[in-house]
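Visitor: Chains as they are written, first to last, in the numbering used here: chain A, 1 to 212; chain B, 1001 to 1469.
Keeping only pairs whose Cα atoms sit at most 27 Å apart, straight-line, the calculated DSSO-like set for lysine-lysine is:
#1 B:Lys1166 <-> B:Lys1010
#2 B:Lys1044 <-> A:Lys5
#3 B:Lys1166 <-> B:Lys1003
#4 B:Lys1005 <-> B:Lys1166
#5 B:Lys1080 <-> A:Lys31
#6 A:Lys31 <-> B:Lys1044
#7 B:Lys1044 <-> B:Lys1080
Derived by calculation from the structure, the hints in this document are not laboratory data.
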Amino acid sequence: MEPIKTLDALACPLPRANVDTDQLIPARFMKEPRSVGYGQFLLHDLRHDEDGRPVEGFILNHPQAAQANTLVARRNFGAGSSREAAVYALVDYGFRCVIAPSFGDIFASNSVNNGLLPATVSEEDAETLLATLGEAPGSLHIDLEAQRISVGDLSIVFSIAPTWRTKLLNGWDDIDMTRQHAQAIQRFADGYSQQYPWFDVTVTAGKIISRG
Amino acid sequence: MTKPKTLFDKVWDAHEILCSESGQSLVWIDRHFVHEGSFHAFNKLRERELSVARADLTFGIADHYVPTLTRHLEDIGDAKVRGMIEQLAANTREHGITLFGLDDPRQGIVHVLGPEQGLTQPGLLMVCGDSHTSTHGAFGCIAFGIGASEVAHVLATQTLWQTRPKKMRLTVDGELAPGISAKDIALTWIARLGADGARGYAIEYAGSAIRGLSMEARLTLCNLSIEGGARCGMIAPDEITFEYLRERPFAPRGEQWDQALAYWQTLQSDPDARFDREETLAAAEIAPTVTWGVSPEEALPIDQCVPDPSRIEDAARARQARDSLDYMGLAPGQALTDVAIDRVFIGSCTNARLEDLRAAAEILRGRRSKVPGIVSPGSTQVKRQAEAEGLDVVFRQAGLEWRESGCSMCVGMNGDLVPPGERCASTTNRNFKGRQGPGARTHLMSPAMVAAAAVAGHLADVRELSGAA
Ligand code: SF4
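The following block holds chain B by itself, in its conformation from the complex:
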C-alpha cells in the first residue's frame, strides 16, 4: 500500500526533478507569468547572456502599470509609466513570449486572466513575480509568488529551487450566513492566526463551506493566503472546477480533456493523509469583516469597536495597535460603523471578478454613493460581461467611475492613488501604510461591504442594506 498523500504532495512530487542533499528540491514549472515589474529579471538574463528556456510556457501580462482611463499607450502622460509597459512588450517580443498587452481584448490582472483563459489548471506548478500568485491554487495547483532573481532563474531554466513547505489544513465547515463572502472567511482566519500565522505552510482549504464556494470565491480565498504568510493556498478540484475550465481558450480539448480529467479527479488529499497542522473555523461564526489597522491581521467584525490599546495586556501588541490607530486616524474604542470614509475602490485580483461586481452592484442598484470612487474590473473580459449585464450603468448611476481593467488603486503604480490622509473602503488585499498612496488609509472588505460603505458614507453592515440580518 502506498503512503497516503496530501494534495500538495501529489502535485509537488509530480514536479520534483531532484532533491539535493541539503533537502532542496529542483522543481519543474508549468506556467510562468511575467509583468511590467519583471524587467529586473530580463536585465539579469541580458547581463549573463542567457536566453529564455521555454518561451511557450511563459506569458507576459500588462497589468501593474496600465492606465484605467485609456487603452492607448500614447495617451499615458507619465513617460516612466508608459516606459514600463513598452519595456514589457519589448522584452516579451525579444524572447518570443506571448503577451497579453494593453490593447489585447484578453488583457486583465494576471490572477484574473490566468483562470479566465484556462491557463490555470489543476495539478500545475505555477509561478509569477507577484505574491498573490497564490490565487491560482483555487484550481488545485501549486502557485506562489517569487522574486526577481527567481524569475530570472525560471526564465533561464524553467525550474526553481524550493524547500518543501509544511502542510496545514484549514477546515471551514457549516453554512455561511447570507451576506458573508470568501473575503470574510479570509480576513477572519488571518485575524485569528496572524499575518505571519501560516508562515512556512502550504494551506489546503477544506470543509463543506469551502466546497460550497463558487470558483470565483475560491480564487478570492486562495488569493489572500499570502496575507496570512502562507507559501500558497489550494483547494482540491471538483465538478465546480472542471465546469469552470471546460471550453476555456487554453484548456485541453477532446481526448486530451478526458485524459486530463481522469488525472484531475485523483487530485485530492487521501483520507488518511497527515497534515503538519490542522485549523478549523465554524462557517456560522463568520461575520462581515473589515480591517481597521495597517496589517490584514488587524480585522474585526463590522459590529465591533476598534481596540483600545490601554486594554491590551501584551505590551508589543498594545504598541502595534497604538501605532496602527495613529496612522489610521482612529480613536481607541471607536465603533467601526462610525468611521467615515472619503472614497471607495472596487477592483484588484482579490475582488474584481464578475461575481464581485454583481455583489457590489446589487447593493448599489437604485442608490447613490455618498463618496467618489472607482470600479476597475479584473479583466477586459470581465468588463465586457459586466457591461452586457448592465452593471456599468448601476455603478455610474450610483456616482462611481467605471474604468478599464488593471491593478489600479490596489497598488497605485499607474497613478490611481488615494490622496494623503484620505480613507478608502477597498476590495483589495493590503492595508499597509502607503499601499494606496503616501499617507492613504485603507480599510479592506468584501465588494458588497464596500458598496454598503459607499451608500452610508461610513463603514457599514451590508446585512442592514440587503435585509440579510
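Just chain A, same shape as in the assembly:
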C-alpha cells in the first residue's frame, strides 16, 4: 500500500449527510471483478439520472473532479453495509482522503486497509470547508503527520486513531504484521482449545455435503 504523508490536490465538496455505502456503490455493481475499475460506479445513482445521463451540477460531473483526491462531506459518511467495494469505488476514482464529521465504523477501517485516509473533523469545521470550497473542486493541503488540513489562511485539525495513522503513514499491511506473531497465536490457540474445548466445531448432526 502506498504510504500517505501529505496530500496536495483538489478536494470535492459533497455537502450531504448519511452518504451510505449503498449510495457509494449500488449493490447491482458488486458482481463485477475489481479489474473493471470500480471508479465508474462511485455514487453512480447520484451522478446519473434514470436514463443514465450525467446529472448536471453534481460535483463528480465537474470537469475538474477527475483530478481530485479528497472528498469533503457531512456526518455519518460511509454508514451501512460492510461492502469494501464502497472504498474500492472511491480509491479507483482517485480519492486518497475523505473528510467528514463522522464515519461508519466498518467503512473507516476498510478505508485504512486500502490506503484511504478517513479524516474526522468537527461539524463546524466541515461546514467551513464546504463553504470555502463552494460548488467546485478546490485545493487543500493535508498533512497526516501533523493531522492538519490547510486552505489559504485556514488551518483545521483532524483526528484519526493513532494505529490507523501509523498504518497509513507507513503503508503497512495487517497480514504481514500479524504473521510476525505466529508463535504467540499458536500458543494462544493451544491454551484456548484446552480451556474451551466445546468452542471447536463438531458436527453432531449428520453431515450434509452441499454441492452449491
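Put chain B with the ligand on the given structure of chain A with help from the hints.
Guide: Chain B with the ligand only, in chain A's frame:
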C-alpha cells in the same frame, strides 16, 4: 478482589492474544462466515499465495445472490448472479470450507442460519463480511461485520486487529404494550440517538423488557445495532438462550454441554461494572414505529406526521429532512397513515424468522393484501416450519407470493427489486436511497406493521387491526 467487568470485556479478554503498544488488540476468531460477496477476499489470498488457516472454523453460506423462485442453479437466468453462487462453491471447495449452498436443506440467510444451526453460542467471537453480523450478539457473544481486507486477514490467520470499543448499556425497563416488537424498540432508540449515535460503542441491551424478549426478538434487536452505528450489540445469555441452543446441530452435547453451560452462566456484566455510557428507554413509551426517510434514524410512531422542514430550527437537519422527503415523495407534515404503498416485503435477517412470519400471518389471516408483495423466509428451515403450520397458505390466500429463502429484496442483489419510484413497506433494515432498487422508496417496520399496511394499502397502525389499541 478482581475488578468488576462488563459482559463485553469478559468475552473480549478471553480472545485477546496480545495488545500492541499503540493499543490495538490481536483477537482470536471462533467463527467466520463467508458468502458470495467474499470473493474479493479469496482473490486476495490467491494473489498472496496464502491458505486458509482454520477451514474448520469457517463456513460458507449462499444467501446474498440466491434466487427466491428456484433452488436450481441452472434456472438462474442472469449469468453473473449464477457466477457469484458458483464462485462461492468453488472457493469453499478449494479451501475445504463447509458450505451451506443453494441446494442445502439448511440454507438460509447467514444471520438466521448461524443461530438456527447452533453455530452461534455465548462467549464466542464471530465475524462475517456483512454488517448485520451484530445479530449474533443476542446470544452474549461478540459479533461484528468486517470488510474484505479483514475477511482475507481472518482467512489467513484466524485473528483480527481491533481496537477495544467503548461500552454503552441501553436499558429498557417496563412492559411493552401489545403489538410492540423488537423492531419498534430498535427504531425508537435509533431515532432518538441518531444513525451514528452509538458509533464507537459496543452496546449491551439490558433491563426487564429485554429479558422478556424471546430469542428471535433479541436477534432482531441486536441485528439493528449497526443501524445506530454501534460496533456490536449483545444481550447476556440466560435460560431463554440456553433453551434455544439445546440440541441444535452444532451445539455442544453431553459433558461438553455441561461444561459450556457452567461457563455461559458466568457471562453477564458484574453488578458494579462500569459502562462508558448509559442510556435508558421506558418500554411503555414505545409505539409501533415506521421510517419516513432515507436513514433508519428518520423514524416516527405511526400516529404522527412526517416532519415539516420549515419548522426544523437546525439548518443542517432541515436540509436533510427536505432531501429525504423529496426522495421519498412525501409532503411536509403529511400524516404517516395517509402514505399509500405499492408493495410489501416480508423477509431479511432482521425479520424473517418463524415468530416474524407468525406475527404477520396473524394479521393477514382471512384478509386480503391490497398490494402485491413477497414473503421470503429467513432460512429453508424456517420455510419448512412455516409450511408445517400452514402460514404459507395464509400468505398466499392474502395474495402475497411465498418464496424461497435468501436476502432477496433486502438488497436486491438476486434481482428481486422494488421498481423505481414505488413505495414498499418492508421488514428489512435499511431504507437507504436505492437500497431495494434504483429509485425505490422503503419504509421500515415490524412484520405485523407490514401486514397491516398490506391490508390497508397505506401505512397503518397494527393496533387497530389486532384490537390491541
Ligand atoms: S438480509 Fe439484508 S442485511 Fe441481512 S445479510 Fe442479507 S443483505 Fe445483509
